[in-house]
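> Mind docking chains B, C and D on chain A? Use the hints.
Protein chains in written order, with the numbering used here: chain A, 275 to 372; chain B, 275 to 372; chain C, 275 to 372; chain D, 275 to 372.
The hints are simulated quantities; they were obtained by calculation from the structure and are not laboratory data.
Note that beta-carbon positions come from the ideal geometry of N, C-alpha and C, so glycine has one too.
Each hint should be verified, as a subset may be incorrect.
Straight-line C-alpha distance at most 20 Å; calculated SDA-like pairs for lysine to any residue [unchecked claim]:
id: 1; chain 1: A; residue 1: Lys340; chain 2: A; residue 2: Asn310
id: 2; chain 1: B; residue 1: Lys340; chain 2: A; residue 2: Glu333
id: 3; chain 1: A; residue 1: Lys340; chain 2: B; residue 2: Arg301
id: 4; chain 1: B; residue 1: Lys309; chain 2: A; residue 2: Asp329
id: 5; chain 1: C; residue 1: Lys363; chain 2: C; residue 2: Val293
On the chain A side, residues computed to face chain C include the following (Cβ under 10 Å) [stated by the list, open to error]:
id: 6; residue: Ala322
id: 7; residue: Phe323
id: 8; residue: Leu324
id: 9; residue: Glu326
id: 10; residue: Arg327
id: 11; residue: Asp329
id: 12; residue: His330
There are 4 protein chains.
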Amino acid sequence: MSPIKASPDQVDQFLQEYVLWTIKNGRLHRQYVFKNFVQAFGFMTQVAFLAERADHHPEWLNAYNKVTIDLITHDVQGITERDFDLVRKIEALQYPIK
Amino acid sequence: MSPIKASPDQVDQFLQEYVLWTIKNGRLHRQYVFKNFVQAFGFMTQVAFLAERADHHPEWLNAYNKVTIDLITHDVQGITERDFDLVRKIEALQYPIK
Amino acid sequence: MSPIKASPDQVDQFLQEYVLWTIKNGRLHRQYVFKNFVQAFGFMTQVAFLAERADHHPEWLNAYNKVTIDLITHDVQGITERDFDLVRKIEALQYPIK
Amino acid sequence: MSPIKASPDQVDQFLQEYVLWTIKNGRLHRQYVFKNFVQAFGFMTQVAFLAERADHHPEWLNAYNKVTIDLITHDVQGITERDFDLVRKIEALQYPIK
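Chain A extracted, bound-state conformation:
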């Protein structure tokens, strides 16, 4: 069973709660800035566990202390509850921020 694409209203409501996330190229998008590479990669490792456990993986890039995460549900070419849920879990991590 494929997840259902979120409506524009549902996306808006989500972004009001998670204000550091935006929509970029049709994806849920956020950049994180850490103190250094070790802190950035420590965060990535935790996100990687969440993603693997949810079987839902980000498109993400890292350059030294910066980590950029993009989320989309490829099955429906749009944003779904699976993306919202991964954001919630990522944001619930108590990672050290710069």
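Chains B, C and D alone, transformed into the frame defined by chain A:
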């Protein structure tokens, strides 16, 4: 002491040895494809150690089983021995490839 | 629903297939030796993903290039299919061995 | 050049500053407790980077949310500045604690 920018000839010679690497946007560039996310992130973890120990970090992105690495030496806005050396160390890892 | 404790015969049969594993202190036990710390921790990262996804975690220790894994199902204070299954997944990783 | 074994007074002084560390079996020793496995392994990943960069590695074990670290300098079969320094770096990590 800043590292010295490699000459076009030195870059060419390097690419002849590491044939899966190319120049893209002025950076040493390669994409790796793994069996799955776990293998991809296991590889990334090993590269992260090499990078941190060398104090020279990649710009890289991951999407499920794909890892793309870009290397440049920001101090000289070009490719240097530090980039060559990190490639050599990455390629010396015996990681499982798809 | 708790998993069922494996019978001595089932354990024996399993150990005949996975000959580098033994029983030690009532746990499925194996030591791995890698080339260096980076390879060892790269392996650990992959095992950590398998464990988290299975929601079944090892007791393990690391000293430089050595990783020792012990598995038991705490709910039944014995070895169960959950332990066998995690061993199968770990052994299916194509990690580089010394 | 080998590092020099710390005197009992130097060790005592260190333990007064890092009160959650003790001496156990001739090693600097501490147990950390995290919220869950993901937080524990995220912490381990950061420590692994510090260790690899210092070329000084712990003997450590993990069971779910618990991480136990033991440090000794094998060259001199005792505790040295290298161990003190790794503790300082580990304790400077801002990891989330239960």
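> Holds or violated: is the Cβ of A:Glu326 closer than 10 Å to a Cβ in chain C?
5 Å, holds
> So, as I understand it, the hint says A:Arg327 touches chain C; can you test that by seeing if any CB pair is closer than 10 Å?
5 Å, holds
> Interface hint check: A:Leu324, Cβ to nearest Cβ on chain C, cutoff 10 Å. Holds or violated?
At 9 Å from the nearest chain C Cβ, A:Leu324 passes the 10 Å test, so the hint holds.
> Could you check if A:His330 really has its C-beta closer than 10 Å to a C-beta on chain C?
12 Å, violated
> B:Lys309 and A:Asp329: Cα distance at most 20 Å?
Holds, at about 15 Å.
> Given the hint that A:Lys340 pairs with B:Arg301, test it: the Cα-Cα distance must not exceed 20 Å.
18 Å, holds
> Is the interface hint for A:Ala322 satisfied, with its Cβ closer than 10 Å to some Cβ of chain C?
7 Å, holds
> Checking one constraint from the list: CA of C:Lys363 to CA of C:Val293, max 20 Å. Satisfied?
15 Å, holds
> When you check the alpha-carbon spacing of B:Lys340 and A:Glu333, does it fall within 20 Å?
The hint holds at about 10 Å.
> Between A:Lys340 and A:Asn310, is the straight-line Cα distance small enough, at 20 Å or below?
8 Å, holds
> Closer than 10 Å between Cβ atoms is the bar; does A:Phe323 clear it against chain C? Give me holds or violated.
5 Å, holds
> Hint validation: A:Asp329 versus chain C, beta carbon distance must be below 10 Å. Holds or violated?
8 Å, holds
Checked against the numbered hints given earlier, the structure breaks only hint 12 and satisfies all the rest.
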